[in-house]
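Going line by line, the protein sequences match chains U and S.
Just so we're aligned: 222 in this note's numbering is position 222 of the first sequence, and the numbers increase by one with no gaps anywhere.
Just so we're aligned: 54 in this note's numbering is position 54 of the second sequence, and the numbers increase by one with no gaps anywhere.
There may be inaccurate statements among the hints.
To be verified - A few chain U residues that face chain S, going by a derived Cβ cut-off under 7 Å, partial list only:
no. : residue
1   : Ile14
2   : Leu16
3   : Ile34
4   : Leu72
5   : Phe93
6   : Pro110
7   : Ala112
8   : Phe114
9   : Leu116
10  : Ile143
11  : Ala185
12  : Ile243
Claimed, not checked - Here are the in silico distance ranges between beta carbons for each label pair:
no. : chain 1 : residue 1 : chain 2 : residue 2 : range
13  : S       : Asp127    : U       : Ser123    : 38 to 46 Å
14  : U       : Val75     : S       : Tyr278    : 28 to 36 Å
15  : S       : Ile140    : U       : Asn36     : 21 to 29 Å
16  : U       : Leu94     : S       : Ile26     : 38 to 46 Å
Stated by the list, open to error - DSSO-like, lysine-lysine: derived pairs with alpha carbons at most 30 Å apart:
no. : chain 1 : residue 1 : chain 2 : residue 2
17  : U       : Lys159    : U       : Lys97
18  : S       : Lys204    : U       : Lys97
19  : U       : Lys97     : U       : Lys178
20  : S       : Lys248    : U       : Lys97
No lab work stands behind these hints: they were computed from the structure.
Don't be surprised by glycine CBs; every beta carbon is placed ideally from N, CA and C.
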Amino acid sequence: MRRFIWLVPTLYIIILMLPIYWLVNMSFKTTSEIINTFSLYPMKFTLENYQKIFTDPTWYMGYVNSIFYVTLNTVISVTVALPAAYAFSRYRFLGDKHLFFWLLTNRMAPAAVFALPFFQLYSAIGLFDTHLAVALAHTLFNIPLAVWILEGFISGVPKQLDETAYVDGYSFWAFFIKIFIPTIAAGIGVAMFFCFMFSWVELLLAKTLTAVAAKPIAATMTRTASSAGYELGLLAAAGTLTIIPGAVVIYFVRNYIAKGFALGRV
Amino acid sequence: MNKTVNQKGWLFVAPVVLLVAFNALIPLMTVVNYSVQETFGDNLFFWAGLRWFVDILASPRFHDSLVRQLIFTFSILLIEVPLGVAVALAMPRKGIGVSVCLVFMAMPLLIPWNVVGSMWNIFALPDIGFLGWALNAIGIDYNFTQDPVDAWFTLIFMDVWHWTSLVVLLAYAGLVAIPDDYYQAAKIDGARPWAVFRYIQLPKMRRVLTIAVLLRFMDSFNIYTEPFVLTGGGPGNSTTLLSIDLVKIALGQFDLGPAAAMSLIYFLVILLSSWIFYTLMMRGEES
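Excised from the complex, chain U in its bound form (with noise of 0.2 Å):
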């Protein structure tokens, strides 16, 4: 039996795999093929609805703002969120614990809830429409999962380093970035994973705050189906195109995963 084991993660990873073969496969036939044919594969191979994305900017640049206020909040997140992680791990102060289960309620969140509330606190402050609107809406969710896996990590570094490199004369800041950031470079890569992976995903309250300028990629696919009439095959490659960006950074963390959910607690 155990020879057949691999069978397990093949079967689960091809049935992973039949979603996303079904959206690309239509993304490589005409709207009126996908209607009106059912196949396994296109008949009429064509990139046209390809070619209108890329060469339309309303398209396009939908890509350009989602990849933007993502990379936005993933800095954002990741930075506020080490010395935060640090503090946790390392010292005792007034209110720790209750303030860290505060930071994670927060993760419990429904964005249904703050969807309107958000429109409005954002239109007030003059961000409405803006990447950097979507990006601090995300840290909402992000910067609690950022500190809770950051945290875990640190735990995993023994105190003594901290103490060795005061001895040798570091100062805080110089240690903590010279030697600290380095030594859990993988939970950082994690951390950093997981901020993009939600804010990536996320479309609510990235479609709340937004209206033309900051509009993302997920947004512009909602609305042009609905008014065109469901183009399909336009739609099934705007979605094919929303995964990429998702598996190129898989491709590039793979390792520092594997290596880091093995170091941290997770």
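Once you've looked at the hints, dock chain S against the given chain U.
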């Protein structure tokens, strides 16, 4: 780890507290504010007290959404956690297979949620989708846009497809962290695979599984975009989960007061159940 008492810790956490407080407290206070007032538009607000809370808690509509939400959450937990652990146990521990598995398995996690919804909507349509076509081809009368049972099947299948990999990744992390000595000791003692799982692997995975269950619990309670795109809460109201109902009231009917009251009840339900979950699982760990 023994921590030193150092009140400077507050300086380190200050940026996080400021940012999260800005994003969490101001909107939360807006919601609290709306929840106790009545509005007729034109920025006219009147004190309504706890009326909305009483109304919502007594309304059958809220009860139905809550029951549907609970059924959904517990179904996906019952499927995703055992399945995720099983796949993690069967995954290779070294070599190229690890990277291949990680890259492919993580893919559904990184697809925007509305793309997941529309992808599954099309994939499951009986006339143009592979799943709908295949099910009908083997003689099952399947149409998720008409039949509530089919809609539920599709909804749960979609969530299992989407999120089981998160459980796999976490469980796998727990597994690779077990030192080889444990397995060697078990081998010397002649332990059967089931005993190795029950007394070595499962206890060692407890912490990561707690995280996985908590994350899946919280996120499945918050789920909005995927079911909204897949079924729109239909057919009828059969797949209207809590957040879909909430957005219908808040943005569809623009009843700010009841929507805000419902938001707060909803948030409290999540907080309370997460807390109970957390306490129970942590108590289990200590004993």
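Now the hints, each set against the structure:
At a threshold of 7 Å, the smallest CB-CB gap from Ile14 of chain U to chain S is about 10 Å, leaving the interface hint violated. Given hint, Leu16 of chain U at the interface with chain S, holds; its Cβ is 6 Å from that chain's nearest Cβ, closer than 7 Å. With a least beta-carbon distance of about 6 Å to chain S, the hint placing Ile34 of chain U at the interface is held under the 7 Å criterion. This hint is violated: Leu72 of chain U has a C-beta 13 Å from the nearest C-beta of chain S, more than the 7 Å allowed.
Contact between Phe93 of chain U and chain S, as hinted, is supported at the beta carbon level, the nearest pair being about 4 Å apart and thus within 7 Å. Interface restraint check: Pro110 of chain U against chain S, minimum CB-CB distance 4 Å, threshold 7 Å, status holds. The interface hint given for Ala112 of chain U holds, since its Cβ lies 4 Å from the closest Cβ of chain S, which is under the 7 Å cut-off. Restraint check, Phe114 of chain U versus chain S: the minimum CB separation of about 5 Å is within 7 Å; hint holds.
Annotation: interface hint on Leu116 of chain U holds; nearest CB of chain S at approximately 6 Å, less than 7 Å. Hint status for Ile143 of chain U: holds, given a least beta-carbon distance of 6 Å to chain S, under 7 Å. Violation of the interface hint for Ala185 of chain U is found here, the shortest Cβ-Cβ separation to chain S being roughly 17 Å, above the 7 Å cut-off. For Ile243 of chain U, the shortest C-beta to C-beta distance to chain S is roughly 5 Å, which falls under 7 Å, so the interface hint holds.
In this structure the hint that Asp127 of chain S and Ser123 of chain U lie 38 to 46 Å apart at CB holds, the actual value being about 43 Å. Evaluation of the 28 to 36 Å hint for Val75 of chain U and Tyr278 of chain S yields a pass: the beta carbon distance comes to about 30 Å. At about 24 Å, the CB distance of Ile140 of chain S to Asn36 of chain U agrees with the hint of 21 to 29 Å. For Leu94 of chain U and Ile26 of chain S, the Cβ-Cβ distance of about 24 Å falls outside the hinted range of 38 to 46 Å, so the restraint is violated.
For a cut-off of 30 Å, the pair hint linking Lys159 of chain U to Lys97 of chain U stands: about 20 Å separates their Cα positions. A C-alpha spacing of about 25 Å is found between Lys204 of chain S and Lys97 of chain U, which places the hinted pair at or below 30 Å, so the restraint holds. With a C-alpha separation of about 29 Å, the suggested pairing of Lys97 of chain U with Lys178 of chain U holds against the 30 Å cut-off. Restraint check for Lys248 of chain S and Lys97 of chain U: the C-alpha separation of about 37 Å exceeds 30 Å, so the hint is violated.
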